[in-house]
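Participant: Here is what each chain is made of, one letter per residue.
Protein chains: 2
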Amino acid sequence: MNYKVLKFGGSSLETLEKMKHVASKIIKEAQSGFNLVVVVSAMGKSTNQLIALAKEASSNPNKRELDALLSTGEQVSISLLSMMLQDDGYPAIGLSGFQAKIKTSGLHTNNRIDDIDVSLIQKHSEEGKIVVVAGFQGINDQGDITTLGRGGSDTTAIALAAKLGCHCDIYTDVTGIYGVDPRLVPQAKQLETISVDEMKEMAFLGAKVMEPRSIDIAQHYGVIVRVAHAHIESQGTLILKEDMMEHRPITGCSVIEKIVLVNIQHVPASMSLIAHLFVTLANEGINIDMISQTQSSDGFVTLAFTASSDDLDNLEHVLRVLTQDQPQAIIHVDKHVSKVSVVGSGMRSQSGVAARLFQLFADHHIAYKLITTSEISISYTMSKDHTLQAVQLIAQEFGL
Amino acid sequence: MNYKVLKFGGSSLETLEKMKHVASKIIKEAQSGFNLVVVVSAMGKSTNQLIALAKEASSNPNKRELDALLSTGEQVSISLLSMMLQDDGYPAIGLSGFQAKIKTSGLHTNNRIDDIDVSLIQKHSEEGKIVVVAGFQGINDQGDITTLGRGGSDTTAIALAAKLGCHCDIYTDVTGIYGVDPRLVPQAKQLETISVDEMKEMAFLGAKVMEPRSIDIAQHYGVIVRVAHAHIESQGTLILKEDMMEHRPITGCSVIEKIVLVNIQHVPASMSLIAHLFVTLANEGINIDMISQTQSSDGFVTLAFTASSDDLDNLEHVLRVLTQDQPQAIIHVDKHVSKVSVVGSGMRSQSGVAARLFQLFADHHIAYKLITTSEISISYTMSKDHTLQAVQLIAQEFGL
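Line by line, the protein sequences are chains C and G. Quick note: the first sequence uses our numbering, first residue 10, plus one each step. Quick note: the second sequence uses our numbering, first residue 10, plus one each step.
Any given hint could turn out to be false.
Any copy will do: because identical chains look the same in the list, a pair fits if it lies in one copy or spans two.
To be verified - With a straight-line cut-off of 27 Å between C-alpha atoms, the simulated DSSO-like cross-links for lysine-lysine are:
#1 Lys378 to Lys267
#2 Lys72 to Lys132
#3 Lys29 to Lys138
#4 Lys138 to Lys64
#5 Lys72 to Lys138
#6 Lys72 to Lys34
#7 Lys72 to Lys110
#8 Lys29 to Lys72
#9 Lys27 to Lys37
#10 Lys54 to Lys112
#11 Lys34 to Lys64
Derived from the structure by calculation, the hints contain no laboratory data.
Input sequences plus hints: build the corresponding full structure.
Facilitator: Put into C-alpha cells, the structure is as follows:
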C-alpha cells in the first residue's frame, strides 16, 4: 500500500469553511493514488476553551477527567471532517484515539505513545476509505482516555507514519520553516530542506512550528516530514535525515524573548550549596538554561543562568528563601534580555562560525552576556535592545 | 452492595452552577450509604447544538460520524461532574459509554442496549468511588460509538439499575408525574405513585416526562423508578409494578395537540386498496393512529385516522398521489383537533369509566370525532376549542 499521513492543526480547522477547504485538499491528495491517513487536532482554540471550562468547574481539575474532557475536541473534528469527505463522495471513517488503538502510558495530560496497532487503520484503508484519526489522544492500559500534551497531534501523525512506513505532511499555519523569523528579517528565505537535528535545535530554541518530541520520533524511525501551509499553496520544507543533505554552515537563527537572566554574586564556593540551589529550582519545576559560574579569589563565586519569564514569580520567591542564610549574596534578575541562537549542522564539520559571530558582534558593538554552545548551535543572551539588529546581521552574514 | 442509580437530564446540568448543585445532591445521597452510579445527559441544549453543527458541515450527516460527534456531549458532562465531586472530597470516576461497556446494536443514532458488563462499574464502586456514566451512548460489535436516540439517557440509567438490581431515581425538570397537565388544570395533583402500565400509556399519549422504551425496560426487569425534580426538593412520583398499587379508576388525563384528523370519503370498499394506502403511509414513515372505518350501502367506505401534524406536508402529498385514480374520493384534513386521553389501570377491573366520560361530554355539549380504547385508556379526538374544558371536567370528575 502507498500510505501517506497528513496532519492538520487546529488553526487549519478553525471554522467549518476552513475544514471544507481541508477536505478538498485531502481529496486532491487521495486522487494522486495515496492511501491516506489524516490526523486532526481540535478545531481552532477549542482545547483552550475546554481547559477554561474545566478550570471554571474545578479549582484543580482531576487530570484523568481533564484528559477525557479534552479528547472531545479532536472527536468533534474527526466526525465533522469525515462527514465532509463523504459529502464529497469519498468513503471516510473517523477513529478516536482508543478506536485507532493508540496505546499510551505515563501521566495524564502528558502521556507518551507506547505503540499503535494499525491493523484496523490498514483494514479500513485497504477497503478504500480515508481514515481520519483523532490526534493528541490515546488509551492507557487501564482503559482510560489519555492525552499527549503539547504537540500531541504532530506526535500522533509522525508515530502513525513510522508504523505505516510512510511520509508525513504536517499542514499548519506557516508556509514552511524559515532560517530566521520573517517578522524580524522581512527578506528571510524559506528553507527547502532542514536536517532533523537542526529542526530539533530550532524547536528547542523557540521556533514554534513543531515540538521537539515529535521530531525525535521522526528521527528515530526515519520518517520524512514535510511542513507546509494548510490553506496557501507552497512546497513547504522537508525535514530530512542528516545524510540526505548538503551542509550549510548555518541553517537558522532563532530568538527567545520570554527569558530572564539571573545573576547571583558572592555565593560561597561550596559545591553542596550550589547543588542544593539547582536541585531546589528543579523540584519547583523551574527549568533553567545557560548556566555559567565564575570564581573570584576571595572564595566566592558568581552564578548566572537563564530561566523562562513564565516562572519569574516562583523563581524570585525560591531565590529569596534559598539565600536567607547568605546575607552577603547579591541577586540580580534582568528581565530585559533575549536569547539569540544560531543553528546549523554544518558547524560540526566547518569551523569558524563562532569566530564570524564574535567578529560580527564586535564590529557592531553588540554586547552579549552569557554564551552556551551545543554541537550544532551557539546561543547568546543579550539586551532586548540589540536583538533585532543581531538577528538581521546574522541573516545577512549567513544568507538566511 | 447497596446500589442506587441516579440520572440527571440535560436541563439539570444546563450551567456549571446547576451542575455544582447536582454534585452536592449526589454527595448528600452518597452520605446515606448508597453505592451510587450516576448517569448524566449532555449539558443543556448541547446535543441540539452538535446536531446543528453537523447539519452545517454536511447536508446529510453520516450517522456513524454523527453518533461519534453527539457522544462528546455526555463525555463533557461526566468529566466536569467527576471533577466537581472530587473537588468536594468524594472519589469519583467518569466512564463514557464504551468504558462502561454498554453494548448496543441497531442503526446509528437509534441503537438499543443489548447488554452492559457492569464488572468495571462494580469494581470502582466497591473501591468507594461514585461512578459517573455517560448516558445515551454505547459501543457496538464493530467498536463504533453509538447513541440510543430519544430518551436514551433514561434508558441507560434504567438498564444499569436492572443489571445492578437496584432502584433508579430520574432527576428532571418536573417535580413528579401529574394526573393532568398543571398548565391546563392549575389545581392538578401530583401522583405519589403510578403503575408502570399507566406510565407507559401516559408516555405514549403525550406526557413528555419519560420515553416509553425506558419504561419498558423498567417493567421488564422490575426496576422501581422515582421521578423527581433535580433542583427543587420533592418526593417525586414512584413508578411501581402493578401489584404494588391500590387501584384508582383513572390515574391521568393527557392531551396531544400536534395531531391532524384525516377523513377520506367515497373510498371503494376494496381491502387491497385500503391496505395499499396504509402500507404506503407506513413506508413513508408516517405513523397513523386512531383508525376508524365506516361502510355505507353504496359500496364505498369512509376512512378516518389521525397523524402527527409534523408529518402534514408529506401526508398530504402521499394522499394526493394515492387518490389520483379515485376522483370520487373526498379528502378532508382537519388541523384544528386535539386528542384527549384518559388512562387508568383501574379500568381493567372497574367498569363504568367510559360511561361516565360519555355522560360528562354529553352534559357539556363536547363533541368528539374519533374514539379509540386500550385495556387501560380511552382517547377522544375533539376540536381544539373544547380541549381545555374537557380536561378540566375530567380532572374534576375523577379528582386528578
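Participant: Give a verdict on every hint.
Facilitator: Status of the hints after comparison with the structure:
no. : hint             : in the structure
1   : Lys378 to Lys267 : within (16 Å within a copy, 79 Å between copies)
2   : Lys72 to Lys132  : between (33 Å within a copy, 21 Å between copies)
3   : Lys29 to Lys138  : within (18 Å within a copy, 43 Å between copies)
4   : Lys138 to Lys64  : between (39 Å within a copy, 22 Å between copies)
5   : Lys72 to Lys138  : between (34 Å within a copy, 16 Å between copies)
6   : Lys72 to Lys34   : between (36 Å within a copy, 24 Å between copies)
7   : Lys72 to Lys110  : both (21 Å within a copy, 22 Å between copies)
8   : Lys29 to Lys72   : between (33 Å within a copy, 19 Å between copies)
9   : Lys27 to Lys37   : within (15 Å within a copy, 47 Å between copies)
10  : Lys54 to Lys112  : within (26 Å within a copy, 33 Å between copies)
11  : Lys34 to Lys64   : between (36 Å within a copy, 21 Å between copies)
When the structure is compared with the earlier hints, no violation turns up for any of them.
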